[in-house]
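4 protein chains.
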Amino acid sequence: MDLVIMNGHLVYANRTIKADVGIEKGLIKAIGKLNNAQAVERIDAKGKFVFPGIIDVHNHINHIGGENKTKDDFFMGTRSAAFGGVTTLLDFAMQKRNETVLTAIKRRRSEADGKACIDYGLHGNITHLDKESLESIPKIIEKGYSSFKLFMTYRKAGFIVEDPILYEVMQTVYNNNGIVGIHAENDTICEYLTDKYVSAGMISPKYHARSRPNIAEAECISRAILFAEHTGSALYVFHLTTHEGVKLVRDAKRRGVKVYAETCPHYLTLTEEVYDRNDAQNFIMTPPLRKTEDVEALWEGIQDNTISIVSSDHCCYDTVQKKIRSGQSFRDITPGIPGNETLLPIMYHYGVNSKRITINKMIELLSLNPARLFGMQQRKGSLIPGADADLVIFDPDKKVVLDSNEIHMATDYTPYAGMALTGYPVKTIFKGEVIVSDGVFRGKEGAGRFLAREKPDFF
Amino acid sequence: MDLVIMNGHLVYANRTIKADVGIEKGLIKAIGKLNNAQAVERIDAKGKFVFPGIIDVHNHINHIGGENKTKDDFFMGTRSAAFGGVTTLLDFAMQKRNETVLTAIKRRRSEADGKACIDYGLHGNITHLDKESLESIPKIIEKGYSSFKLFMTYRKAGFIVEDPILYEVMQTVYNNNGIVGIHAENDTICEYLTDKYVSAGMISPKYHARSRPNIAEAECISRAILFAEHTGSALYVFHLTTHEGVKLVRDAKRRGVKVYAETCPHYLTLTEEVYDRNDAQNFIMTPPLRKTEDVEALWEGIQDNTISIVSSDHCCYDTVQKKIRSGQSFRDITPGIPGNETLLPIMYHYGVNSKRITINKMIELLSLNPARLFGMQQRKGSLIPGADADLVIFDPDKKVVLDSNEIHMATDYTPYAGMALTGYPVKTIFKGEVIVSDGVFRGKEGAGRFLAREKPDFF
Amino acid sequence: MDLVIMNGHLVYANRTIKADVGIEKGLIKAIGKLNNAQAVERIDAKGKFVFPGIIDVHNHINHIGGENKTKDDFFMGTRSAAFGGVTTLLDFAMQKRNETVLTAIKRRRSEADGKACIDYGLHGNITHLDKESLESIPKIIEKGYSSFKLFMTYRKAGFIVEDPILYEVMQTVYNNNGIVGIHAENDTICEYLTDKYVSAGMISPKYHARSRPNIAEAECISRAILFAEHTGSALYVFHLTTHEGVKLVRDAKRRGVKVYAETCPHYLTLTEEVYDRNDAQNFIMTPPLRKTEDVEALWEGIQDNTISIVSSDHCCYDTVQKKIRSGQSFRDITPGIPGNETLLPIMYHYGVNSKRITINKMIELLSLNPARLFGMQQRKGSLIPGADADLVIFDPDKKVVLDSNEIHMATDYTPYAGMALTGYPVKTIFKGEVIVSDGVFRGKEGAGRFLAREKPDFF
Amino acid sequence: MDLVIMNGHLVYANRTIKADVGIEKGLIKAIGKLNNAQAVERIDAKGKFVFPGIIDVHNHINHIGGENKTKDDFFMGTRSAAFGGVTTLLDFAMQKRNETVLTAIKRRRSEADGKACIDYGLHGNITHLDKESLESIPKIIEKGYSSFKLFMTYRKAGFIVEDPILYEVMQTVYNNNGIVGIHAENDTICEYLTDKYVSAGMISPKYHARSRPNIAEAECISRAILFAEHTGSALYVFHLTTHEGVKLVRDAKRRGVKVYAETCPHYLTLTEEVYDRNDAQNFIMTPPLRKTEDVEALWEGIQDNTISIVSSDHCCYDTVQKKIRSGQSFRDITPGIPGNETLLPIMYHYGVNSKRITINKMIELLSLNPARLFGMQQRKGSLIPGADADLVIFDPDKKVVLDSNEIHMATDYTPYAGMALTGYPVKTIFKGEVIVSDGVFRGKEGAGRFLAREKPDFF
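Protein chains in written order, with our numbering: chain A, 1 to 459; chain B, 460 to 918; chain C, 919 to 1377; chain D, 1378 to 1836.
No lab work stands behind these hints, which were simulated from the structure alone.
Take the hints with a grain of salt, since some may be wrong.
[Said to hold, decoys possible] The calculated DSBU-like cross-link candidates involving lysine-lysine, where the alpha carbons are at most 30 Å apart (straight line), are:
(1) D/Lys1832 <-> A/Lys253
(2) B/Lys530 <-> B/Lys857
(3) B/Lys820 <-> C/Lys936
(4) B/Lys706 <-> C/Lys1176
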């Protein structure tokens, strides 16, 4: 075999076993006691965990938001992910005004191919819908883009998808066994409150949170669930943040609606109190950070399977881009925070170390469920012979204090600076190659491939 | 006493008793065996029912819709109501663009005072909300307008109230113990489908129904319930029409949301099949007529108290106004149908005769509940000593075939033409005066008074 | 007229009106302004409430429990009730071992007829069921006994009705439109715990409560609801006491099961803490008194209509009979407390004065609902012309400290001794006769009649 | 390695992979591409499925029911299981009158040790509960008996466990993280109806079904769920058979009760119509076979995870023992049918071939879930390196017509005789040894070991 990872504790969604992993030609060849097997190279993972490669399903790389372009391109963005144990990421093909969905896909493929150092896929991000685009949905799904994202907000920016379009997309996607995701914030509520605060001179970042209240998210989730129930469509709630939303998703699941929810590390570890800090603007993202009761509800949602996936919502601006300039208000700050590198270590420390979830549950949230729901299960998401040899070797004892100088994301800050974590990935193996080893990148620009995804395996 | 109604069967929400009704100075003076009492006049109601005066909470009199003004003013509109046993009606004070709510109220009062021949009240109909109007809500409620109506549709016409306004109105109304009503049709869905059908040349009336599908109503009800649940506000769903809506209201009531629903006789007796008729345009109203399964669900909703009130939604255009002219489509027909005269007889025939409801339940729907929910219970809604002497003498054996030539509404048609009914009001008594007697109007223009309503008695 | 009650505030379930009540030949003749009516006698009720006569649906008069017979016969028991404003009471025809239900009815009728000074009815109390008794149920219902009671406990005493019998009775009663009531305490749980405590020497009254825990009641209610749901039968839960039971009944009602619940004043005002008192034995009844959280849940159940009726469960032993003799334990105390005289004043003081319920709601619980559910609505339960002239004149300002020397029940104690109440009945009028006036009994032994009851009017 | 299974399709609960399985010293050593590995023996499983060994959690071997002892001892009973692909089975240690639970365990261990040819475990079967037995529960769980069974029926036979005992056992088991199973049939209902039919001369087998109606099962499930909810205990419903029961379990799961349900192949493939056959007595088991709507509900319960496990409830009487002798009725037939050999093939044919479940779901029901819920997951239930090398090689194309002459169970009949199945196990491998190969038994009496089970892994 090309490589054998010896003596590690292999983590599955339902159990942990002590076994070796044999790798050949980029695939997992065997799992078990492989001390006698011939091997070109051996890595001793004694005392370490071996995870399937992390799958971060929510990234915005090489993304233009308002007047700002993220600091990373697909090489930088996938490299920072790799440092965090991510071996597959999903980003978006977001329609511009003059594009069809297919054109947007083509454009994004050309930005990523030859650049990405890990595998990537794209959600179709519909921002308007001509007849041609609607009719192309079956073909798009067939080609490997089985998931879509629609904004229920951002009318001013021209991204909002109105109810009849959302409904029609759901009908079509349902007929083709895909899944429809939403960004759930009620546009008129957020715009009304933003105008109200700004016009009253309440322009500091804390009004960002107040202008996008819980009810704004809850209303959109409620509406989308109604449409999903009516059409039969599967629904994916991107970045769920509120306790009201958790309840809506839980109740809908219980009555049989095919709804799945995602949240992000920042919603699980930070609260709106950061908006009183001097660097508050660096924490501006949409939806905003919430209250402690919401954080608790999200963890409960994870514990009872209301929430199926945790992703980074990585959007890599730097502090210069995030600055509020004179005459500006919170509404002028481009939303988004960097995070694909820190996804896994934060979930380990705040989830597993804090006893909120087991290590097996963590792998379900970060690898198995993403692979199943987004049609990658044949090759990704579990340490199974025949699968891609995407693995993370994780040292549960390694102590790291997060520091903006030490991260590899293309920015000068991390919202988690100063957090003292125990447990960190030490090697990232992508298709059998060690691409990160003890803080050194050994991967190759362009080694990642576009991943044509199958249809969801609904669970 | 001035007048004693002898020997009638008095109908209450919970029972029917045989008793006389003594009237003095416009009020009910006594109920019981009054054969020995002195009386100026006696009416023998032997073999007849005596109802409390019907309260029709949903009228559009002297109303301008699109380019058409209804054919009735407040005299004609209240007179036709009186022919149908109605002794109190509620209409709307609908804001024009340049009006505050209070100005609209003043305008409507001036249209009705001196004209109405029965008592009337007004719902505040908010179509836009400046700060002044929002702040005036407590005062408006205090002055006798404890209920409001907001459109969740009609963006083009400028009537739609967006979510944040609806939410704020709910908060304010809740704090002042009033009730918020909604016209529930999702605007973007209806507009999108209307455009779609019209642009495809599908312009006949049946596309009116298709362009305003069940989900459009259900979505708005669902959204308004969420806001009501969140704010604590009481919610009134005007003209509920769909089985989905019935379920949403029922479920919300069961979990304790203060939501009340109304439907109308046309939704209980007609279906969208009429849109295939030659005179289909005369049946255009919003929401449109639905399918048999919806009709059945509405009756079930009445039976299990999901629906609390039946009203006419009277809007009195004639067939000339309803005509589709060359180059026009269904969207050009002003919606609305006449109906305050036929409300009671249709409910009796299709409800009581058909064994769907008891006669007591009918009185609950048409008189007691309207009085309680809309703050008139001190004077209206039940045959109680001290209350206004508003009564209907109803002959359960009288047979009437509805005929546009025989009705007293200011129009040349009725959607129910040809219906053979058994049971009809024979006398309407308003504040002790017989204002309709066997088809002859004896009331007086201007005898009706504006009714300053109390706060709702939530049940 | 024979009698006119002038100027009182007449209390209905939904409103209070100021009116006179005219009475003739034992019936209410008229309600209204009757100052001009001729009258043999007038009573001025100015500043007082006029209630319909209270209906106490749960009494055990002339009852043998264990070795004790209650101290009252039907004269004494109905007289004490009359002092409390009760004008109709229901008791039980409880089968003895060798009796059919019909024989038991005959026996009880002979005990009551000629004795009772107010009207009375009987629930059929089935303790065993031969084929003949089962087949006689339709006839029994027809004869005016439309309600039944079955014990789900007391196996030792031979009263328990096992599941198949309960189920069959429900089927039969359902087919004949009656209602089945239960005493809900799980026999094996209570017996097991009683044995356990007694055999461990824990014999004081507080172990009475511990040996009959909440789960014992909840389990029986749950089981009976399941059977009611399966058979379609209406179910009446006698003396509901636990928060778990309230929840079970509430949930069942919400899903459409025809279940009704009753509680009693003692469960609404006392807790198990009294079992630490020296006179603890005087508070022994089944089910036992509970905790504060249960008391609160019962009031909530009243407020949201989960509980429909409040009754006394009057069982009139004296302190000699309740005594624990040497060598005895709590299990040897005959359960039951006196209470038909105090039902109304306690509900007024702790319900209405304490703002837990309105005075209208109180009348619904104590008069209207009992009349409707137990088939007496044609003659009882509301101040309606034509109904029996059963009334209570109630002085809301009268202050009474409950005192065992002042009560008229045939016993030497009241569990409420020392309670300072505001509000008390001052006159009880039965079929037009003043039978209690300011503490003086003026009624007649035997003036009460057996009341053949109609079928329930399910609400 | 000792043995390599080559080229099979390995079936997991969530996926199927093509891989080899390497076995050494009775354990799975490696999974993957093992063509280069050294191996003492190789089996080619090309075109075949490789399952983890089936775990049949419900057997009655060497069991005395009424006057009959099953025809099999632990050698015969485990051997027949092995023919059906079963490599682990659970049986019961059922208390006799004079035994403690621990004594019963000891007795059963002595019957099985040295006999069983596959691994076995025992549920503690409590039929009465002295203080000593109750106090021994923690120790029993610690020793490897983490699951219990209690009868809610069979009072006459002395097996019934009354409510307070069930409740106390639940409390104790909950505190020690075990699980309580029930046989759910309401004793008084079944006894009452049995007496009724038998005394009316309705003695043929079809009255067996009628005397144990759906409500009898539903009531016990409902009651046990209430106790589980109240105590926090995990509940296992043995042999669920009714659509009412499915609903109760589903609803309880949705509100968070830790309840798990099992059904059996006969309830999934046969209906009460067989009770009209001449050999009806051979189909007598408790609970009885039901109607088609129940069968459908059970499959739906499997599909939506309401039912977690399918077991055989194997009880091996022969047709002589099942015979109804003169003067006897259905109640004299010892209930129970043979089935551990046919469990897997029937589930494959009627589940997988009929498209009701996937092959992965089947393995979840027959191996993974049993291993998790009954504390065997460290060694059993999934094809994982390090686990016991218990495997089944299954030929999906093999056609078998079930025939009582061809089965290996110690009886002369099978209820499924004549069924034409496609798909059958061809080799059973137990701890690395091929113990059944193409219909030939090669295992060893006594090679099976008692399995001390861990605590449940609740899912």
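Verification of the hints:
This hinted pair checks out: D/Lys1832 and A/Lys253 have alpha carbons roughly 29 Å apart, not beyond 30 Å. Taking the CA atoms of B/Lys530 and B/Lys857, the gap is near 29 Å; set against the 30 Å cutoff, the hint holds. Between B/Lys820 and C/Lys936 the alpha-carbon distance is near 26 Å, which keeps this suggested pair within the 30 Å criterion. Pair hint B/Lys706 plus C/Lys1176 holds up; C-alpha atoms about 20 Å apart against a cutoff of 30 Å.
Hint violations for this structure: none, all hints satisfied.
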